[in-house]
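Since chain A is already given, all that's left is putting chain B on it; use the hints.
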Amino acid sequence: MHYPWWYVPFLTAPMLIAAVATIHVFVSMYAVGGGFFLAVETQHAYSTRNRDYLAYLHDHAWFFILLTVVFGAITGVGIWWTIGLSSPLATETLIHIFVFAWGMEYVTFLVEIVSAFAFYYSWEKLDSLTHIRIGWVYAISAWLSLVIITAITAFMLNPGAWPQHPDFWTAFFNPQTVPQILARTGGAFLLASLYVYLHATFRVKDLQLRNLIGSRSSRPGLLGALLVTLGGLWWYLALPESARAALVVASALNILMVVIFAVTIVVFLMLYLGPYRNPGWLTPGFSLLLFAFGMAAIGTGEFIREAVRKPYIIYNVVLGDQILTSEIPSVQEKGFLNSGQWTKAYLATQLPQVFSNGEIDDQKLLALPQPDRIQVGQLLFQYHCNDCHSLAGYTAVPALLQGWSPEMIHALVLNPEKAKFFMPPWSGTPAEAELLSEYLISITPAQPTGMSYDGAH
Amino acid sequence: MNPTDLLPPTSPLGLPAPLWFIRFFKVFGFSLHMVPMNLWFAGILLSAVLLLFRDPAARRLSARLMDQMPIIIALGINFGVIPLLFIQVGYYRVFYPATILIAWPWFAVIGLVMAGYYGTYLYVVQLRRDRLTPWSRALGWIVAFIFMGVGFIFVNGLSLMSSPGQWPAVWSAAHLSGAATGLALDLQNASILPRWLLMFGLALTTVAVYSLCDATLLASREPPEYRAWVPRFALLLYSLGLVWAAAAGTGYILTMPSASRSFLLTPPQLALTVITALAPGLPWLLLILYRWRPARLLVLLAALSQFGMLVLNAVSRQFLQDAEVAPFAAVGAEPVNLQLVPLVLFLLFFLAGSGVVIWILVKVRQAETSLATASR
Chain A
1445 MHYPWWYVPF
1455 LTAPMLIAAV
1465 ATIHVFVSMY
1475 AVGGGFFLAV
1485 ETQHAYSTRN
1495 RDYLAYLHDH
1505 AWFFILLTVV
1515 FGAITGVGIW
1525 WTIGLSSPLA
1535 TETLIHIFVF
1545 AWGMEYVTFL
1555 VEIVSAFAFY
1565 YSWEKLDSLT
1575 HIRIGWVYAI
1585 SAWLSLVIIT
1595 AITAFMLNPG
1605 AWPQHPDFWT
1615 AFFNPQTVPQ
1625 ILARTGGAFL
1635 LASLYVYLHA
1645 TFRVKDLQLR
1655 NLIGSRSSRP
1665 GLLGALLVTL
1675 GGLWWYLALP
1685 ESARAALVVA
1695 SALNILMVVI
1705 FAVTIVVFLM
1715 LYLGPYRNPG
1725 WLTPGFSLLL
1735 FAFGMAAIGT
1745 GEFIREAVRK
1755 PYIIYNVVLG
1765 DQILTSEIPS
1775 VQEKGFLNSG
1785 QWTKAYLATQ
1795 LPQVFSNGEI
1805 DDQKLLALPQ
1815 PDRIQVGQLL
1825 FQYHCNDCHS
1835 LAGYTAVPAL
1845 LQGWSPEMIH
1855 ALVLNPEKAK
1865 FFMPPWSGTP
1875 AEAELLSEYL
1885 ISITPAQPTG
1895 MSYDGAH
Chain B
21 MNPTDLLPPT
31 SPLGLPAPLW
41 FIRFFKVFGF
51 SLHMVPMNLW
61 FAGILLSAVL
71 LLFRDPAARR
81 LSARLMDQMP
91 IIIALGINFG
101 VIPLLFIQVG
111 YYRVFYPATI
121 LIAWPWFAVI
131 GLVMAGYYGT
141 YLYVVQLRRD
151 RLTPWSRALG
161 WIVAFIFMGV
171 GFIFVNGLSL
181 MSSPGQWPAV
191 WSAAHLSGAA
201 TGLALDLQNA
211 SILPRWLLMF
221 GLALTTVAVY
231 SLCDATLLAS
241 REPPEYRAWV
251 PRFALLLYSL
261 GLVWAAAAGT
271 GYILTMPSAS
281 RSFLLTPPQL
291 ALTVITALAP
301 GLPWLLLILY
311 RWRPARLLVL
321 LAALSQFGML
331 VLNAVSRQFL
341 QDAEVAPFAA
351 VGAEPVNLQL
361 VPLVLFLLFF
371 LAGSGVVIWI
381 LVKVRQAETS
391 LATASR
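Read top to bottom, the protein sequences are chains A and B. Just so we're aligned, residue 1445 is where the first sequence starts under the working numbering, counting upward by one. Just so we're aligned, residue 21 is where the second sequence starts under the working numbering, counting upward by one.
Treat the hints with care, as some may be off.
[To be verified] Heads up, incomplete: computed chain B residues facing chain A, CB under 10 Å, no partners named: (1) Phe-115; (2) Ile-130; (3) Gly-131; (4) Ala-248; (5) Arg-252; (6) Leu-367; (7) Leu-381.
[As the list claims (entries may be wrong)] Counterexamples of contact, computed for chain B against chain A with all Cβ distances above 10 Å: (8) Gly-169; (9) Gly-185; (10) Ile-295; (11) Leu-302; (12) Leu-309; (13) Ala-323.
No wet-lab data here; the hints were simulated from the structure. Quick caveat: nothing in here was measured; it's all calculated off a predicted structure. The beta carbon of each residue, even a glycine, is placed where N, CA and C say it ideally should be.
Here chain A stands alone, though its shape is the one from the complex:
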């Protein structure tokens, strides 16, 4: 509303955030867990003077750098890119609250990069003690980065007392911070083990070495799975009640919750029965399957974490339609189109006749000819609805409304939060609701044919 809205066909702009963030998490968790793996295992290899294992760790460090420093770093910055484009008001709000947290995270990022390069490129040049220390510097800075970023994303899901006490520390130590740190730390350990198995089974031919890698990485993997479960349960308990209800009501989330529990159990069992009890089971096929299940668990978890926030981008602070919750009453009174800089400017160029004394006049809006009313309705759809609903594709409105009567659509537009509690309230005037309804009716397909209720008569 205050910013131009970016129309992304099929997906909607916020889904780009979900896409970039999810693929980033796949690698960034490994960037944390893999850091601990390299630090602990290098220390172990040095202390046991295991040259073969050290050679493997060197090889793994190269793989690690290629994946985390390139893909992880770019997608991490890419999230910045995407949230600014897709949710500018939420980003503006977050950056004003957390700029110094992000500044600190930047420092950890710098230390991560320098230590990762030093760890790999100075292999066999540094003495073992310094080499191990640099490995630990990397691991600790990567984990600190996880802690800071997790606190910010946790704030988005449950800002706790921040709306009443808007200060940095209330925001940082929100009810979701600790559970999410626990879950993500676990995820990092778990994913690191899965990446190690995937890498080792393709790169290590020596069965004895492969078994060693398998058994040593199974414990952090199992610990990770436990932490994910504990953190996940705590995460659930620390959700706002409405978000918990959304998990039950939204059928897609419902199914995904079952999927995530099932997949996590499968991963745990595979880790326990495979690398922990029978390291010989580690084959490329087994590790690929394990990796795929692990990714499915993490990906599903990330999707659920994002989805339960609806209708907010920042719970109780910024709504998906780019309005501060505190603005809703004034926007409802003044009108959605009048309150938005870009909606107002658009109408000023396209339909200047709807203005009186520099403001949009509801009566003049209603007096517009039909094509212009539809045009205004489409403008309202873009700025009020397109953050969650596409025209064709992801949660497409025509598909969702198919078969609805005009009266039902009009009632929904006036009170979306009453029809579905995870939708935002209507933030416009009744006249604007009328025009949005007309537009929605114009794109709603009729009841599909092929269904018969004759037997019911």
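Just chain B, lined up with the frame of chain A:
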């Protein structure tokens, strides 16, 4: 349409730090970012060009530049975070609208940098195996053009950010029912091309100084012929960059809006404009001096003055940006809601992090030195 009407309201949260602090870190971060960014912007293209020559020294420099490029790119991405952070705190009212209007090219930066970075690694792997095929050479050119393309998108976004007057035209060129489709670029702005070329000229001078630093401080294992060739080449490259930057800079001044031009060429800003324009002369003189009397101190001074030149450019750019934005938005108009403890914590983190980085670099340097001594 009055562009001022398009600006969002100020944040009700206020600024978390005084505006001078935000501007300082924005400029400081951008200055740091400029060094590696210059090196990939012109350095990768230069490496591809140098491979066309038969001169072994030219090929050696090409190889050395590309060999170091993965680390340079990583640092460039990292140093870019700080200005990106502080630009969003202080200049959010112009930054977000401008980038949303060119959303797809702006979003494409993620994929382009990824492709460019992995392309660089692929090239470097072939290089280290001494297996540069025609395909890998072609890859070098592709990577160079990718990074230059990214630079062009950046110039577009940052120019559009400073010129809300252009927004209505860009918006009306690409929208669907009032929502930006993000398929536009600000190509009607005549100053974008010369600004991008100016950056390239400056980047050439940075590569020149870097090549000299590398040859004198880091290339002790290279043959003496190479180390003798680089200072000559660096001076030549710097001179080329200087001429290029002067020509593009003149073009930039001539094509920018008259209000911006008169701001730059009127006191008190005029003094800074002149100093900024003359600043590349100092490293250039130091490179000449080095040719006459080689000394490590001169190399260090050249590097320092080159960084100073980049800082001056960033400072001048900041003043110009503020002057350009001022008619549309009062930057920093919101009250300061100081986050003192987080701010101090950030500064402490910054100091501690810098200390750790220095410790690591010292340890690596010591290890390299002792290894070199042992091999002798």
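Consistency of the hints with the structure:
| no. | hint | result |
| --- | --- | --- |
| 1 | Phe-115 | holds (7 Å) |
| 2 | Ile-130 | holds (4 Å) |
| 3 | Gly-131 | holds (9 Å) |
| 4 | Ala-248 | violated (28 Å) |
| 5 | Arg-252 | violated (30 Å) |
| 6 | Leu-367 | holds (9 Å) |
| 7 | Leu-381 | holds (7 Å) |
| 8 | Gly-169 | holds (16 Å) |
| 9 | Gly-185 | holds (14 Å) |
| 10 | Ile-295 | holds (30 Å) |
| 11 | Leu-302 | holds (29 Å) |
| 12 | Leu-309 | holds (33 Å) |
| 13 | Ala-323 | holds (19 Å) |
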